[in-house]
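Student: Now for the letters of each chain:
There are 2 protein chains.
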Amino acid sequence: MEQRVSLVTLGVRDLGRARAFYEALGWKSGAAPDDDVVFFQAGGMIVALWGREQLAEDTGVEDSGGWGGITLAYNTRSPEEVDAVIAEASAAGGTILRPGAETFWGGYSGAFADPEGHAWEVAHNPHWTLAEDGSVSL
Amino acid sequence: MEQRVSLVTLGVRDLGRARAFYEALGWKSGAAPDDDVVFFQAGGMIVALWGREQLAEDTGVEDSGGWGGITLAYNTRSPEEVDAVIAEASAAGGTILRPGAETFWGGYSGAFADPEGHAWEVAHNPHWTLAEDGSVSL
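Heads up: the sequence lines are chains Z and A, in that order. In this text, residue positions in the first sequence follow my numbering: the first is 1, and each later residue adds one. In this text, residue positions in the second sequence follow my numbering: the first is 1, and each later residue adds one.
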């Protein structure tokens, strides 16, 4: 198994609301308005929104109903950009889980949940390299 | 917010076991043996293993304890490779959630859970482009 992730699928209860949230953040999908799955090209991988019940069934798991031990993160080019993204997510209908603040590991980060409860940390990490194209290297 | 993911952090109860699982699949990390977080460079993003309790606290969420609506996927270059990866994951201590089979969308996929219950679909999708470097395009 190569060291990579192709797709992250977020199970959603209200696809229209979830799609509108990510589109309000500026994300673009080629999905038709009534498609039951929405794919976003996200750098060299894909983020998908799909019905949470269907995803649980397709995956072959029981849904515990809340957060299940996975947090996504979005790295920024500056600490100020962390605050801007958190504000943007809040304005788009997300929930601020943690406002931007300095972290114990020497960076600056905050966190939000999308309208479905999926959690994103937004972080400026001065120890990692963020390339022009958005790819991140240790 | 640019259309990308920088990091996927998997919360784990037994870091040594989780790390050994991904290393058995061939993944390599520069983490020291006693580091409390393990980072894997995964294409243009990073996959991290970190204590599930710490991740929940750091994220600012309640942990529902099980699967929480997110499934990762790994795309392969052939249907046969799906079966090979599922077998490799099983041999490494993962659980087969669904053996490889043809899918309703015209591909071939199966799914496994890592020892912490984090779910991966393994899929051959003839409609998407998988580049030499492992990046996937719609």
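Calculated from the structure, these hints are not laboratory results. Errors might be hidden in some of the hints.
A pair counts as met if it fits within one copy or between any two copies, since identical chains are not told apart.
[As the list claims (entries may be wrong)] Simulated crosslink set (DMTMM-like; lysine to aspartate or glutamate; CA at most 25 Å straight-line): (1) LYS28 to ASP63; (2) LYS28 to GLU102; (3) LYS28 to GLU57; (4) LYS28 to GLU62; (5) LYS28 to GLU2; (6) LYS28 to GLU116.
Student: For LYS28 and GLU57, with the copy left unspecified, which applies at a CA distance of at most 25 Å: within, between, both, or neither?
Tutor: neither (27 Å within a copy, 31 Å between copies)
Student: Under a CA distance limit of 25 Å, which applies to LYS28 and GLU2: within one copy, between copies, both, or neither?
Tutor: between (28 Å within a copy, 10 Å between copies)
Student: Within a copy, between copies, both or neither: which one fits LYS28 and GLU62 at a CA-CA cutoff of 25 Å?
Tutor: neither (31 Å within a copy, 30 Å between copies)
Student: With 25 Å as the alpha-carbon cut-off, assign the pair LYS28 and GLU116 to within, between, both or neither.
Tutor: within (19 Å within a copy, 33 Å between copies)
Student: My question is about LYS28 and GLU102: at a cut-off of 25 Å on alpha-carbon distance, are they close within one copy, between copies, both, or neither?
Tutor: neither (31 Å within a copy, 29 Å between copies)
Student: At most 25 Å between alpha carbons: which applies to LYS28 and ASP63, within, between, both or neither?
Tutor: neither (28 Å within a copy, 31 Å between copies)
Checked against the numbered hints above, the structure breaks hints 1, 2, 3 and 4 and satisfies the rest.
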